[in-house]
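Take these sequences, add in the hints, and give me the full structure.
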Amino acid sequence: MLQDKTNKQKDYERASQLLGRLFEVDSDITEQISRCIQYYGAVEFFKNLESFDFSADVFEKLDAVRLVLFGMGEEVMPEVLIDEITTQKIDSTEGGAEQ
Amino acid sequence: MKKKYDETYASSFIKGLTRLTGISESKLKKYAAENNLFNVLEHPNIIEPNKQQLEKIHVLNEFISTYKLLKLQEKENKIVLNSSTVAGEYFVSLLGGIKDREKFMAAFLDSGNNIIETRTLSEGSIGEAVVYPRMVLKAALDCDCKSIILAHNHPGGSLTPSIQDRDITERLVSIFAPLQISVVDHIIVANINYHSMAERGSIPQPSPKSVSYNAMPLSDIKNVKEETMDFNADMSEKDDIDLDNIDFLEQDGEEEDEWEI
Chain G
1 MLQDKTNKQK
11 DYERASQLLG
21 RLFEVDSDIT
31 EQISRCIQYY
41 GAVEFFKNLE
51 SFDFSADVFE
61 KLDAVRLVLF
71 GMGEEVMPEV
81 LIDEITTQKI
91 DSTEGGAEQ
Chain Z
100 MKKKYDETYA
110 SSFIKGLTRL
120 TGISESKLKK
130 YAAENNLFNV
140 LEHPNIIEPN
150 KQQLEKIHVL
160 NEFISTYKLL
170 KLQEKENKIV
180 LNSSTVAGEY
190 FVSLLGGIKD
200 REKFMAAFLD
210 SGNNIIETRT
220 LSEGSIGEAV
230 VYPRMVLKAA
240 LDCDCKSIIL
250 AHNHPGGSLT
260 PSIQDRDITE
270 RLVSIFAPLQ
280 ISVVDHIIVA
290 NINYHSMAER
300 GSIPQPSPKS
310 VSYNAMPLSD
320 IKNVKEETMD
330 FNADMSEKDD
340 IDLDNIDFLE
350 QDGEEEDEWE
360 I
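As they're listed, the protein sequences go chains G and Z.
Residue numbering for the first sequence follows our numbering, beginning at 1 and increasing consecutively.
Residue numbering for the second sequence follows our numbering, beginning at 100 and increasing consecutively.
Heads up, a few of these hints could be off.
Claimed, not checked - Each computed DSSO-like pair below joins lysine-lysine, with the alpha-carbon atoms no more than 30 Å apart:
1) G:K8 x Z:K308
2) G:K8 x Z:K202
3) Z:K167 x Z:K114
4) Z:K167 x G:K10
5) G:K47 x Z:K170
6) G:K10 x Z:K198
It should be emphasised that the hints constitute simulated quantities derived from the structure, not laboratory data.
Here's what the structure looks like:
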């Protein structure tokens, strides 16, 4: 069981480091991401992105990762945002129908 | 309605990828109009990214694999590798991002196919790693497992098992058979794809002649040329195929790809 926890912790750290590399941010940001992701879990971390205290720049990049994951069918969006995205898309695709 | 929903997903994916990599939205949309959009992650060169963009896609791929592994771990306290698909995805998340060396791993399972432990048993150079059967045996006996899934990566990108891959599988099958420990699969990972020897029915039978504890090299250079198509490699390009109409290899029922120990 201890082994499980250690492996999981390593994977959380690896995930945070990969995000740090992807965003090209300092190690303190990577550590902040690591703390949040370990506390909430990977799925809940993205669902609760709005509740963390990340800078606007980091938030935007995390949100971009969330969009990619959502696009791949992962359940990472809070319900309220799914409704928003779906409505926006339907509005934009149906808006042009009016002649 | 379904189409609009699909468009929503595609549009989110494009928006996110553009923000992360700098690849233009129009380029991605143009590609998506005639192809499976997710190919850009699997085969990024098709959209001709620059070096920096390509590196970002590789890192993103690694993150996605790690994310999927964490999701699996969070869902259940124990990870159950009860099919070649789950095992393949599990090892892709562990080995998919490694491009600079070969790494040989094994998942040791209990009678319910729960992972007792996953260990790295060897790490080598870009084209070769050496496997010590004694180390695999010791690790298996230490955790009192009932079955084992072997896995290693091919940094060169080929999904086809090499002659050495087959030899080491046969040797380990033969070593463990008298101990009533089954080697149920050998997964080969290249990028984000995998090849399952069990799925192809190519796990060898135990042979007393093959029992040897000498170190064995693994290599992805001398591949066995018997495969006509790499599993998973091109499936993304065949998304419009109705999966219900495909006769999968050795698949008679829904649970056919589950292990039989």
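Checklist entry - What are the numbers of the hints the structure violates, in ascending order? => result Structure breaks hint 1 only.
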